[in-house]
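In this note's numbering, the protein residues as written are 2 to 611.
By construction, these hints were calculated from the structure, which means they are not laboratory data. Fair warning: there could be bad hints in the mix.
As the list claims (entries may be wrong) - Result set (DSSO-like, lysine-lysine): computed pairs, CA atoms no more than 30 Å apart in a straight line:
hint, residue 1, residue 2
1, K506, K569
2, K442, K532
3, K442, K530
4, K532, K569
5, K340, K23
6, K510, K606
7, K506, K599
8, K596, K530
9, K568, K610
10, K606, K442
11, K23, K97
12, K606, K340
13, K573, K606
14, K596, K442
15, K568, K606
To be verified - Label-pair restraints from in silico Cβ distances:
hint, residue 1, residue 2, range
16, F409, P332, 18 to 24 Å
17, K340, P108, 44 to 50 Å
18, G316, E472, 56 to 62 Å
19, D311, G389, 41 to 47 Å
20, N346, N600, 46 to 52 Å
21, T545, R101, 40 to 46 Å
22, E12, S42, 25 to 31 Å
23, R159, R502, 52 to 58 Å
24, R195, T545, 41 to 47 Å
25, L38, G15, 24 to 30 Å
26, G539, D11, 51 to 57 Å
27, E472, R518, 24 to 30 Å
Every residue, glycine too, gets a C-beta built ideally from N, C-alpha and C.
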Amino acid sequence: MRRGILATRDELIGLRKKIACKPFAAIYNTLHNRCGLILESSPVSEDKWRSMWEQGSGAAALLAARTTQGRILDLLIAHHVEPNPAFRDRAVEELKNLVRWTTWTDPSHGDLSADLCTAEAATAAVIALDWLWEDLTRADRLRVLQALRKKAVIPYRRAVAKRAWWYTCYHYWNAVVNSGCGLACLALSDEDPRAEEAYNLARKGLSNFFDALGVEGGWDEGIGHWGYAMRYVLLLGEATSRLLDDQRILHRRGMDSTGKFPVYFTPNGRTASFGDSPTVPLYGTFYLLAKHFGAREVLWWLDTYAFHRDVSTAGWSAAGLALLFRPAESPVITDVRLKPVKVFNEIGWAATADRWPRPGLYVAAKAADLAANNSRRNMNSIQVQLDGEMLLRDLDIREYATNLSSEFYQVQARAHNTVVVAERDHRIDAQGSIVEAQSGKNFRWIACDAHIACGENVRFIRHVVMIVDPEDQTGKMLIVLDELANAVGERIDQFWHTHGRLQMKARAKSGVISGRRTNLHFALASTVKTKVSTQSHGLNHNQTDNVICVTAGNATRAMFASVFAPKKIAGKVTFGRNRAGSAVLQAGGYTVCFKRRKNRLHLDKITQKQ
């Protein structure tokens, strides 16, 4: 077996030199606390995850394998930094339990012979074997090797031979299964021809993932699935670099820039993703992006947000791998330069903020391919964060999935901050795009084209204009201007979703969204007659979805202005257009002028009343 997959034992012991310096002392403290909690918890076992599965818990085996992997890696890294037989012995116990599992596939994944669980378990077992080699008896080592062959290498080869769907798809399953199983096969490939063949198959299959990773490094499945996929791709890339002196994985297209993607869509350490896994992937593995590409943004992001929260006994290794992979020579970065408006054109996502790296006012927007894996019917949807709190949110599929019997959620686009025409859902074959993205001394502007999302006969352009103070760049106001043109007159509905408390004056078409820490004031206007109402819907996890609903009758052309601000909006919002189709909006002492060019509005100028 090839040794030193992610680190040799000497390299692990050498981590002792790191923990006296910032930020390694804090990282190690987090690691040590987690390992202490692990010792107080019961080991992971097949009996436990089988029981959870029988009680209806999906992905029970997958989560058990993930927790086993995280525990083993963290316990062994901590043990090598400061020798602790209890940490080592518990890692051995977790490994032996994993080896005794009858299968490394999750029963929720049907008849697949290899799946996400296989990848997680194989990675755990092979790294554990590497780092525990001298501590295990020969019989124990052989049992682990046999388990890797019978429960990972052979099932993986069988799955590829049967044309398992994940092998040729592009999305996160491809990356995780091929990378996780590929890593284990690589380690065994020096002595086992079957493992060598499986490793080569994994490299070939992984090309489908890289074909979808563009030069910008964005990922259309969202931040959570990006994190899952990229974590395993980086682990395999590091292993191939170390064991084979092969850096091709690390230097595939997009790998040098992909670290910026989660930074732009986790403002103030909170997710603003549009996929169905809206987690913040603060995994220690991503320090490899700083190690290999000098990604200062990733270094700052992880240093700032990864190790200032409670530890748990479940999940992947974060602190342990952070201690291993964070470049020792890189100083702690307290500030980082990010673009006021950042567009990932290849996936149709955009982010804008008043000031980075800790924005007061932040907006994420999506105008993308709705056929992308794990995509929602949320064309031209936006999310708004104020002072670190998400006050306009794009609902996670898990939040409203149990309410699909509700009439409101039958049309899934209604669950997002967007527009619906004739009560039709957004078309899955729509391919939206970000058509404008500009910033100036006193503004940020994004324009999103929905393509045919609302119907072949409908054109829906959404303009997102953030007004900022020209001196200190503080966000003053957010204006969302929706322009719609329809070949036939049809009903138009606009929705704004929040978990905050909603207070509205229906006649004035204005109100306030009250979050836990801050308030977002709003006022609405339009060029057609509208009815404004509010609704509330219970979600999973004891959450409530409070919705502002704006409805217009049959219209062929309409413009809707939605104004949001941290402070109460003085006076009424007035909104008009001239014969040339240009538009002028006045709100809270600001006048925003748009001119029509090439069948859509363009931001012309913003003035403030003195």
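Here is what the structure says about each hint:
A threshold of 30 Å between alpha carbons decides the hint, and for K506 with K569 the separation of about 13 Å falls inside it, so the pair holds. A hinted pair counts as satisfied when its Cα atoms are at most 30 Å apart, and K442 with K532 does not qualify at roughly 36 Å. A hinted pair counts as satisfied when its Cα atoms are at most 30 Å apart, and K442 with K530 does not qualify at roughly 35 Å. Under the criterion of a C-alpha separation no larger than 30 Å, the hint pairing K532 with K569 is consistent with the structure, at around 22 Å.
Simply put, K340 and K23 have alpha-carbon atoms about 28 Å apart, close enough for the 30 Å limit, and the pair holds. Taken as a hint, the K510 and K606 pair is honoured in the structure, with Cα atoms around 26 Å apart against an allowance of 30 Å. Between K506 and K599 the CA atoms are separated by roughly 37 Å; this puts the pair beyond 30 Å, and the hint is violated. Proposed proximity of K596 and K530 is supported: the alpha carbons are some 23 Å apart, at most 30 Å.
Between K568 and K610 the alpha-carbon distance is near 16 Å, which keeps this suggested pair within the 30 Å criterion. A threshold of 30 Å between alpha carbons decides the hint, and for K606 with K442 the separation of about 12 Å falls inside it, so the pair holds. Between K23 and K97, the direct Cα distance comes to roughly 36 Å. Violation of the 30 Å bound is thereby established for this hinted pair. For a cut-off of 30 Å, the pair hint linking K606 to K340 stands: about 21 Å separates their Cα positions.
Distance check on the hinted pair: K573 and K606 sit about 20 Å apart at the alpha-carbon level, within 30 Å; holds. Between the alpha carbons of K596 and K442 the distance comes to roughly 20 Å, so the proposed pair stays at or under 30 Å and holds. About 22 Å separates the Cα atoms of K568 and K606, which keeps this hinted pair within 30 Å; it holds. Restraint check, F409 to P332: a C-beta distance of roughly 51 Å breaks the suggested window 18 to 24 Å.
Between K340 and P108 the C-beta distance comes to about 46 Å, which sits within the given range of 44 to 50 Å. About 44 Å separates the C-beta atoms of G316 and E472, a value inconsistent with the hinted range of 56 to 62 Å. Separation of D311 from G389 is about 18 Å and departs from the stated range, judged on CB atoms against 41 to 47 Å. A hinted range of 46 to 52 Å is violated for the C-beta pair N346 and N600, which are about 20 Å apart.
Checking the proposed 40 to 46 Å range against T545 and R101 shows it holds: the Cβ atoms sit about 45 Å from each other. At roughly 28 Å, the beta-carbon separation of E12 and S42 lies within the given 25 to 31 Å, and the hint holds. Take R159 and R502: their Cβ atoms lie about 54 Å apart, and the range 52 to 58 Å holds. With their beta carbons about 54 Å apart, R195 and T545 fall outside the hinted range of 41 to 47 Å.
At roughly 26 Å, the beta carbons of L38 and G15 sit within the given window of 24 to 30 Å. A beta carbon spacing of about 56 Å between G539 and D11 agrees with the range 51 to 57 Å that was offered as a hint. Our hint of 24 to 30 Å for E472 and R518 holds, since their Cβ atoms are close to 25 Å apart.
Comparing the model with each earlier hint shows violations of hints 2, 3, 7, 11, 16, 18, 19, 20, 24; every other hint is respected.
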